[in-house]
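In our numbering, the protein residues as written are 1 to 377.
It is worth saying that the hints were derived from the structure and are not from the lab.
It is possible that some hints are incorrect.
As the list claims (entries may be wrong) - Below, in silico cross-link-like pairs of lysine to aspartate or glutamate (EDC-like), each with a Cα-Cα straight-line distance of 16 Å or less:
hint, residue 1, residue 2
1, K205, D194
2, K10, E285
3, K5, E285
4, K161, E102
5, K70, D103
6, K201, D168
7, K317, E94
8, K161, D194
9, K18, D48
10, K70, E95
11, K10, E263
12, K317, D168
13, K201, E135
14, K5, D281
15, K117, E219
16, K70, D48
17, K141, E102
18, K201, E167
19, K70, E102
20, K251, E219
21, K161, D137
22, K321, D345
23, K205, D171
24, K353, E336
25, K205, D168
26, K15, D281
27, K205, E167
28, K161, D103
29, K10, D345
30, K141, D200
31, K10, D281
32, K5, D168
33, K259, E219
34, K201, E128
35, K70, E94
36, K18, E167
37, K15, D3
38, K251, D281
39, K15, D150
As the structure is a prediction and not an experimental result, all values here were calculated from the model.
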Amino acid sequence: MADSKLMTAKEAVQKFIKPGICLCIGGFSYTRKPMTLIREIIRQGIGDLFVTMNGGASCAEFLAANGLIKWLDTTYVGLEGLQPVAYSIRRQIEEGQIQLIEDYSNYGFALRTLAGKYGWPFAPLQAELGADLLEYDVFGKAGLRGKNADGTWIHPSIPPKKFAVIEDPFDGWGYRPHAFQGGDSTANQSNNLDVARQSDKYTGKQGVKVVLVPPILPEVCIMRAQRVGIGGTVRLEGIWGPDIEQACAAKHLIVECEKLVAEEELRAVPDANHVGAHFVDAIVEQPFGGYPTAVPNYYDYDWDFWVNYSRINRQSKEQVKAYWQQMVVETADDWEYLTTRVGTDYTCVSGKKGMERLFELRADVRYGYKPDLARPI
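Please work from the sequences and hints to get the whole structure.
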């Protein structure tokens with residue numbers, strides 16, 4: 001089929017991922033991360049990346065460990081349960097390899113993705129108020145906001161302002177509990193609006209304040225799904241995270257999946273689909289490609305891997321580079337990585353490696369994950 005969107009990871013990365021692009025990464029925490037594409041970016045050594053994402057640092061940690069990130073526009077960048085700040089990211093920032101990092105709250109960034117999906121000029125919230133997130137504008141200080149002399153944007157994925165603060169034109173009317181009686185119940189929380197109205201911070205006038213955040217407009221988004229139709233229709237299972245919004249906000253979208261299926265299979269229940277085929281530029285089918293993260297209803301995350309990796313990334317840069325060289329760069333593709341490298345850098349309880357280890361991580365159909373999986377710290 002001449003217009004087929006189906007590609008290998010190598011083909012998709014070569015076509016869409018260029019040095020210096022704004023790359024938006026899907027998934028959330030240790031769940032449904034596009035690891036096949038991340039490993040291929042590492043194989044090809046595509047650097048100077050401007051990475052943007054919401055929720056966990058696993059993919060960015062791997063890219064940072066290989067020296068491939070130049071700028072970050074993100075939120076929390078830790079390895080949950082192990083490192084409050086993922087160590088390679090921390091080291092790269094401290095040493096100046098990652099030159100700039102812009103920071104939003106998780107909720108603030110989520111609303112940026114929502115604005116990007118729907119084509120809104122901005123999204124309103126209060127979450128950033130009172131935090132020092134509004135005190136710093138790293139991209140602005142670096143001169144990356146606004147327009148060039150010819151009227152073009154200095155960078156197509158960097159908004160002209162980090163945020164704006166305005167007076168709520170409805171004076172807090174939309175916030176509970178102005179119209180409710182009955183005290184502080186779960187659905188009727190006090191929000192101290194009378195106190196908030198006294199503040200003149202940000203605008204110089206008293207009144208209820210609202211923060212406006214700009215949309216995200218990445219050049220390329222990569223995400224992982226359980227099933228994708230041959231034409232590009234995407235269906236997710238389990239926790240979504242920011243995937244749907246990010247997918248619709250990007251100029252180009254690459255989706256890697258567990259299983260490529262006929263469009264008729266997904267159209268049979270159309271309301272269960274999440275991203276329309278017209279958004280998708282490339283499809284990469286790779287079973288188990290989300291490893292070592294979890295893909296709900298297919299397999300769990302490999303906690304033994306993460307515990308071991310959180311020790312490896314604290315070694316010298318030379319040792320970390322040698323680790324990635326052996327584990328990923330020297331493999332031809334993800335099939336070789338999954339069949340010959342998984343489980344070789346640590347010892348799990350069963351001692352299994354390769355596909356045997358992957359099969360051991362398969363989800364219990366009753367739960368969508370593996371409840372009896374060993375999760376040592």
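Could you tell me which of the numbered hints above are not met by this structure, giving the numbers in increasing order?
Those not satisfied are hints 8, 11, 12, 29, 30, 32, 33, 36 and 39.
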